[in-house]
Amino acid sequence: MNQKHEFPDQVSKFLTNLRRLESRGDRGALAALRRGESETLRHLAWPIIRRCGGSLLGSVVAWTSIGAAFAFYPQPKGQPGDGSNFGATCNALAGQPSKDGNRSFDPYFLRVLGAESAPELARWVVHIAKRAKTAKPWPAPINYEELLTALLFWDARDGAFRDGCRRRWATAYWGGLLDDKELTEP
201 MNQKHEFPDQ
211 VSKFLTNLRR
221 LESRGDRGAL
231 AALRRGESET
241 LRHLAWPIIR
251 RCGGSLLGSV
261 VAWTSIGAAF
271 AFYPQPKGQP
281 GDGSNFGATC
291 NALAGQPSKD
301 GNRSFDPYFL
311 RVLGAESAPE
321 LARWVVHIAK
331 RAKTAKPWPA
341 PINYEELLTA
351 LLFWDARDGA
361 FRDGCRRRWA
371 TAYWGGLLDD
381 KELTEP
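Numbering-wise, this note's numbering puts 208 at position 8 of the sequence shown, and it's gapless, one number per residue.
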C-alpha cells in the first residue's frame with residue numbers, strides 16, 4: 201500500500217457523519233459513542249455507529265474505538281492531521297528527546313507498534329486520542345481516516361498491511377530525530 205491511502209467510501213461516510221453529529225452538538229450521540237471505549241458498555245455505542253454508517257460485522261472494535269476517540273477529540277475534515285499518520289500524532293505527543301535520546305512516550309509507542317491484533321491496537325487509540333487533545337503547547341492532530349483504515353485491515357491474513365503501517369508510523373515517529381552528522385560520527 202502506498203503512502204497516499206485511498207479510503208473506502210464507508211470510512212469517509214462514517215467520519216463525515218461523525219463530524220455532522222459533532223457540528224450539530226448532538227451530546228447524547230457523542231456520549232453514547234464515548235461508551236465504545238469500555239468493553240462492557242461498547243454495545244451502547246452500536247446504534248450510533250450504525251446510524252453513522254459504520255459496520256457491526258467484522259471488526260466492530262475498529263468502528264467503536266474510532267467513534268469513541270472522535271467523541272472525545274473531534275476534528276473537522278481539513279484539520280492539520282489529515283495528511284499525517286498515527287506515528288506523527290504520537291511523535292507530536294512525545295516531544296523532544298532527553299539527553300540520552302529517549303522520550304517518555306517511547307514505551308507507549310512501542311506497544312502501539314507491537315499490537316498483533318486490531319483489538320490490541322484499539323485499546324491504545326482512545327487513550328492516545330485523549331492525550332492528543334490535551335497535548336501542550338497545542339493539541340496533536342489525528343488522521344481518523346488513516347487510523348480507521350489501519351484498524352479495519354490490521355488483522356488482514358498475511359500481515360503485510362500491518363507491517364506497512366508499522367513502518368510508516370515508525371518513520372513518522374522517529375524519522376526526524378537524528379541528523380546526518382549524528383549518523384556518521386563513530
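Don't take each hint at face value.
[Unchecked claim] With a straight-line cut-off of 27 Å between C-alpha atoms, the simulated DSSO-like cross-links for lysine-lysine are:
1. 336 to 299
2. 330 to 213
3. 333 to 213
[Stated by the list, open to error] Here are the in silico distance ranges between beta carbons for each label pair:
4. 301 to 243: 30 to 36 Å
5. 363 to 231: 47 to 53 Å
6. 224 to 307: 20 to 26 Å
7. 220 to 296: 35 to 41 Å
8. 243 to 295: 36 to 42 Å
9. 317 to 225: 34 to 40 Å
10. 337 to 364: 27 to 33 Å
11. 360 to 225: 38 to 44 Å
12. 333 to 226: 15 to 21 Å
13. 251 to 310: 16 to 22 Å
14. 256 to 301: 25 to 31 Å
Calculated from the structure, these hints are not laboratory results.
Glycine included, each C-beta is placed from N, C-alpha and C at the ideal position.
So, going through the hints one by one against the coordinates:
A C-alpha spacing of about 21 Å is found between residue 336 and residue 299, which places the hinted pair at or below 27 Å, so the restraint holds. Taking the CA atoms of residue 330 and residue 213, the gap is about 23 Å. The hint holds against a cut of 27 Å. The suggested pairing of residue 333 with residue 213 holds, with an alpha-carbon distance near 23 Å, which does not exceed 27 Å. Taken as a hint, the range 30 to 36 Å is violated for the pair residue 301 and residue 243, whose Cβ atoms sit roughly 44 Å apart.
Between residue 363 and residue 231 the beta carbon distance is about 37 Å. The supplied range of 47 to 53 Å is therefore violated. For the pair residue 224 and residue 307, the supplied restraint of 20 to 26 Å is violated, since their beta-carbon distance comes to about 39 Å. At about 38 Å, the beta-carbon gap between residue 220 and residue 296 stays in the expected band of 35 to 41 Å. With their beta carbons about 37 Å apart, residue 243 and residue 295 fall inside the hinted range of 36 to 42 Å.
For residue 317 and residue 225, the Cβ-Cβ distance of about 35 Å falls inside the hinted range of 34 to 40 Å, so the restraint holds. Hint check: residue 337 to residue 364, Cβ distance near 32 Å, so the stated range 27 to 33 Å holds. Here the CB-CB span from residue 360 to residue 225 is close to 41 Å, well matched to the stated 38 to 44 Å. Against the hinted window of 15 to 21 Å, the Cβ-Cβ separation of residue 333 and residue 226 comes to about 19 Å, which satisfies the hint.
Taken as a hint, the range 16 to 22 Å is violated for the pair residue 251 and residue 310, whose Cβ atoms sit roughly 36 Å apart. In this structure, residue 256 and residue 301 break the distance hint of 25 to 31 Å, their C-beta atoms being roughly 44 Å apart.
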